[in-house]
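These protein sequence lines are chains A and B, in that order.
Each residue of the first sequence is one higher than the one before, counting from 1 in UniProt numbering.
Each residue of the second sequence is one higher than the one before, counting from 1 in UniProt numbering.
Simulated from the structure, these hints should not be mistaken for lab results.
Take these hints with a grain of salt, some might be off.
Unchecked claim - To be clear about the criterion: a stretch of chain A counts as covered by chain B if any three or more of its residues have a C-beta under 8 Å from a C-beta of chain B, and this derived list gives those stretches:
| hint | segment |
| --- | --- |
| 1 | 57 to 66 |
| 2 | 100 to 106 |
| 3 | 109 to 117 |
| 4 | 130 to 137 |
| 5 | 140 to 150 |
As the list claims (entries may be wrong) - From the structure, some residues in chain A lie toward chain B, with a derived Cβ separation under 8 Å:
| hint | residue |
| --- | --- |
| 6 | L32 |
| 7 | E42 |
| 8 | P54 |
| 9 | A70 |
| 10 | A71 |
| 11 | Q121 |
| 12 | I123 |
| 13 | I127 |
| 14 | F162 |
| 15 | L165 |
| 16 | L169 |
| 17 | G172 |
A virtual CB, placed ideally from N, CA and C, is assigned to each residue, including glycine.
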Amino acid sequence: MSTLHSSQAPAGRRPTNPLTRFGAKRLAAAVLAIVCAAFVLEASSYPYMDWLGPGSGFFPMWVGSLCLLAALGMLIFGSSPAGNPPLPTDGEADLAEDRTLARMRIGGTIVILVLTGFALQPIGFNIAAAAMITALLLLYGTRPVIAVLAGLVGAPAVFFLFAALHVRLPVGPLGF
Amino acid sequence: MDSTFGLWVQGISAALEPSNLLFAFVGCIIGTLVGVLPGLGPAAAMAILIPFTYDLGPVPAIVMLSAIYFGTQYGGTITSVLVNVPGESTSVVTCLDGHPMAKSGRAGAALGIAAIGSLFAGLVGTFLLMVLALPLSSLALRFGPVEMFALLVVGLSLVMSFRGGSLLAAFAMTMIGLMLGLVGLDPVQGAPRFTFGNHNLFDGVQLVPVIMGLFGISELLASLEERSPQPITRKITSLLPFKEERKDAALAITRGTGVGFALGIIPGMAGIVPTFMAYALEKRVSKHPERFGHGAIEGVASAEASNNAHAQASMVPLLTLGIPGTATLAVMMGAFMINGITPGPFLFVDHPEIVWTVIGSFIVGNVVLFILNFPLVHVWVQILRIPSRYLHVAILIFCLLGAFTLRNNTFDVMVMIAFGVLGYIFKKLDWPTVPLVIAIILGPLLERALRQSLELSDGDASVFVTTPVSAGLLGLAFLVVAVSVLSGLRPVKRLSSRFSNPAGKADQKP
C-alpha cells in the first residue's frame, strides 16, 4: 500500500528507516550471496547433464550463479541507496518513542503468530485464536476487558463462519 | 467471426446464470471491502480466499476471484478520495484530485465519476480482451519450447524493468523467485530437489502462503509503524457530478481507457504507470491545467478509467500467453492451476466454455460493481471508521487460517510468517517483491521450456538466436533491460519517490 500524506495531518508518518542505510543493504546483499552460494553448492550435487540433455542440476546451477553474481554486484556497488526521505525534525523524542513502540508491536505480532501457528493443532482453533486475538489487542493498546471479550466472541465466530463455508478447523482435545 | 461472436454470447449467458451471478456479487463486495481497508491488497485477499473456492468448481471460483480483483480497484478509490491514503497502489493518482474534491464537499461527485469511469473502462476493456484473445492465443499456439522460453524471458524482463527499486535488486529478486520455484520435484525427471528430506516441500513452495506473507503480513507489519489516518467525515450527498463536470469527464474517461488498455496489455506493467500517464495526458490537453491537483474531476475520471482498463488488459497476457504481469494475476493463475486449468494458449482450445464464461463474468462483474457501489458507498465510509487495530487482528486471523487450511498443516503457516518477515525486510531495503512472486510461478515453465529446447537441439544453445521468433523476442527482452539500464527509465521509482515524499505535497503534482 502506498501512502500519500496530507500536509495538515501527520497521518501515516513513518519513523526513520534504519534498514535503508547503505550498510544494511550491503549486509543483506552479503546474506543473499551466502544463500546463493549454498544453493549453487546443493545444485552441484544434481546431475548437470544426462543422456536426454540438461539434467536436474543444469537450470538451478545457472539460476543460483546469476543470483550470486547479482548479490555480489549489490555487495560491491550497492543497490540504490534511495529509501524513504528523512522526516521533518519536529519532535525527535516522539519519533524515537514511536519507533520503539512500533518495533515492540512488530516483534510481538510475529511471536504471537508463530505461537498460534504451533498451537493450532494441539489445542484447537478456538482456544488458540481466542488467546491470539486477546494478546494482539493488548499489544495494540486495547483495554484488557475489551481484548478478552473480543477473543472470547471473535474466535468462535470465525470458527462457525468457516464451518458454514465447509472448511474444517482443528479442534483440541476437549472437542472444541 | 460468427463462431467467435457465438462464443462471446455463450460466455456472457453462462456468466449470467444465478450461481455465477451470486459469486460475482459476493466477490464484488469482498473486493470493495478489501480495497477500502488499507493494509490488505488484492493479491493477499485473493490468496486468503482460495481455500474457500476448492469446493466451488473452476468457473465460480475464478468468477469470484475476478470480481474481487475488480472490486479492489473501486474500493481503493474510496480510501483515496476520503482518507488521502490509496487503498491500492493503482489509486495513488486518484488522491491528487479526489481528496481535494472531498475536502471541498464534492466527495460524492468524485466517487460517482470514478464509478462511471470504471464501468466504461471495464466494459470497453473486456470487449477489447474478447477481440484480442483468440488471435493472440492462436499465434501463441504455434510456439514451440524455444519460442516459449524466449516469451517467458520477455515477461520476466518486463516485470523486472517496470518495478521500483534498483534494476540489480529486481534482477536478484527474480532469481530468488526462480530458485524458490525450483524447490520440489524436477518437472522433467520427477526427482526431488532442494527439499532436504522435508516431505512438505515435495510439491514445491506453495504460492498462497508466500503471497499472504509478502503482501498481507508484511504490509500489516509495516502499517504498525504508521499512525492511523483520519477519514473525511462530512456526509456524502449526491454521487452524480454536475452536467458540466460530466461533460468534462467524458473525454477524460475515453482517453484514460485507451492509455490504460494499451499499456496494461504489456506484461509486468505496474498499474500506477498507465494511471499516471493518463493523468499527465489529461493535464496536458486540458484548457485549465492549473486546476489539476486542486480537485479537477477530469483527473479523477482519467485515473480511474485508466486503472480499470489496465486491470482488464492485464488479463490478456495471462489468459492468452500464460504470463501473469502482477502479483494479483499470479494468484489468479494459481487459482486456475489449483482447479486443473493452465492459463495460456491451450486454455482457449481445451477449456473454451470455462474461459469464455470467465471473460463474460468480467462484464457482469463490472456492472454488478457499478450497481452495488452507488447504494453501498455510505456503508464503505462507515467501515473506514473502524479502529485499525481490530482490522489488523482480523486480517492476521484470516491470513493464519488461509495458510493453515491450504493443506491442514503448520508448515504452510510458518512459510507464510517467514515470508511476511522477509517481505517487511524487502520493503525496508526497497527490493521489489512482485518479480519474486511471478518468477516462482514462471520458474518451472521456464526450466521446462529451456530443457526441452536444448534436448530438441541436441544441446545447441544457438537455437535461441537462429529461430526468428525466439531471436526477436530475446532481442526485445535485451532492449527492455538495456533501455531500463541506460536511460534510467524507472517510471515507478520516480513516481513512488514523488508520492511517498511526506514533506513535499506540492511536489506531488506531475
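Here is how each hint holds up against the structure:
1. 57 to 66: With 6 residues in contact (Cβ-Cβ under 8 Å with chain B), the coverage given for the segment 57 to 66 of chain A holds.
2. 100 to 106: holds (count 3)
3. 109 to 117: holds (count 6)
4. 130 to 137: holds (count 4)
5. 140 to 150: holds (count 4)
6. L32: holds, 6 Å
7. E42: holds, 6 Å
8. P54: Hint on P54(A): holds, closest Cβ of chain B at ~5 Å, below 8 Å.
9. A70: holds, 4 Å
10. A71: Constraint on A71(A) satisfied, holds at 6 Å.
11. Q121: holds, 6 Å
12. I123: violated, 12 Å
13. I127: Violated - the Cβ of I127(A) stays beyond 8 Å from chain B, reaching only about 14 Å at its closest.
14. F162: holds, 7 Å
15. L165: Holds - the Cβ of L165(A) comes within 8 Å of chain B, reaching about 5 Å at its closest.
16. L169: This interface hint holds because 7 Å falls under the 8 Å limit.
17. G172: violated, 14 Å
In the structure shown, a violation is registered for the earlier hints numbered 12, 13, 17, in ascending order.
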